[in-house]
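These protein sequence lines map, in sequence, to chains A and B. For the first sequence, our numbering begins at 1 and goes up steadily by one. For the second sequence, our numbering begins at 1001 and goes up steadily by one.
What the hints contain is simulated information worked out from the structure, not anything from laboratory work. Please read these numbers as outputs of a predicted model, since none were measured by experiment. Treat each hint with caution, since some may be false.
[To be verified] Here are some chain B residues pointing at chain A (derived, C-beta under 7 angstroms):
1. R1004
2. G1040
3. Q1054
4. K1132
[Stated by the list, open to error] Heads up, simulated DSSO-like pairs for lysine-lysine below, C-alpha to C-alpha not over 27 angstroms straight-line:
5. K1075/B with K9/A
6. K9/A with K1083/B
7. K37/A with K1005/B
8. K279/A with K37/A
9. K1005/B with K285/A
10. K9/A with K75/A
11. K1005/B with K1083/B
From the three backbone atoms N, C-alpha and C, an ideal C-beta is built for every residue, glycine too.
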Amino acid sequence: MAVDTLLEKALGGDIRSIARIISLIENDNPEKDALLKRVYPMTGKAIVLGITGSPGAGKSTLTDKVIEHFRRQGKKVGVIAVDPSSPFSGGAILADRIRMQRHTGDSGVYIRSMGTRGSLGGLSRGTRESVILLDACGYDVIIIETVGVGQSEVDIIKIADTVCLVLVPGMGDDIQIMKAGIMEIANVFAINKADKPGVDRVAAEVRLMLDLVKDRPWVPPVHLTVAENGTGIEELVASIASHSVFLKSNPDGVRREWRRLAFEVEEILLQHITRMTEKSWNAYKTDEVMELLLSRKSNPYAVAEDVLRKIIPGTRVV
Amino acid sequence: MDERKIRVVVAKPGLDGHDRGAKVVARALRDAGMEVIYTGLRQTAEQIVETVLQEDADAVGISILSGAHTFYFTKIIDMLREKDAGDVIVFGGGVIPDSDIPGLIEAGAGAVFGPGTPTTVCVEWLEGAVAKKRAKE
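From just these sequences and the hints, can you work out the full model?
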């Protein structure tokens, strides 16, 4: 099907067309950039919420409950749920939607599972651009559930307006909470599985950490949740909403948008440069070149310089 | 970079609660480099079809041990056709009597794999079927 027809149908709300365009994005189809450029002016209306946290913290179950809340307010919800791709086969088991299946028959909810496909920051290659499409297609809230993350997969701040970090009891002492990285990117904390022992300690430690930043214009609220039975979700969603309001009324919000837009341009540039580099290198990479490298008659710097010069004449590596 | 992964929904329709087989197949497809979307247990035909559409899957694998295979296969295939997604490959397995298989194929199933089928057979068949489907696009 022609991309134009597909786009027209997607903007009209046809699920299969939306799904197909997301596949074009994920597969880095050459037509995707023109398409995204066209829909970009229609974007900027959606609230983009990131849900991140360690594997098994309850992100999917929490997402399920958050979807329910926004649906009660009559909002259309898009979800991008990322799970890891195998570094060996490239395959993946995408199973986040198991926890959200009850929304599958609801025409106001679109859920898409993605494999990371080599991306290391907790998202997948197609996440950012799929958000653009869903925004253009009229989804009011777009939830991105990251892969189960460790300490430093923080790419979600480059895409989401609001980041909700899901913590659970029993993950280590207060030193873990002091560390840089994931703990710093949260706008809202959900301490999930709050019916388990140890929850008070985690909450106290997070609050202590936040006490040091209490003069900032936005101090992340800390909520205790039991996603399984919905405890604390209402308060959590209220905090997410207040953060949205905060971003619109505070210079911090503008700064965040500024950073996000700069990142977007960088991403597009990098994609194109990567594509050119791969093309050029693949054309250059003969057995002969590899033999010269192997026998050390040539070196990787000299080869890289030659390849780079095919793209940008006159460039130097060293 | 431009690479199309095979996306497969592995689904468990109806009331049987045994998904060992579905998980073994899902794992084998993963190891063959496919992206496998697993729905979890006790899905309705409507949920499965909707999942296939939302996930832009090339194929859907149905695992049934309850005896309701003819009902679910037929319903899922019909609903996919209604939704203009008749090109999606439908295959499956589970406890399905040999005598019922021709009827399922007749209804539009691509293949039905019984207990004891090596996963490699299933993987190779699916790779071939997806290649044929994509050649027609």
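Hints that the structure is at odds with (numbers, increasing):
4
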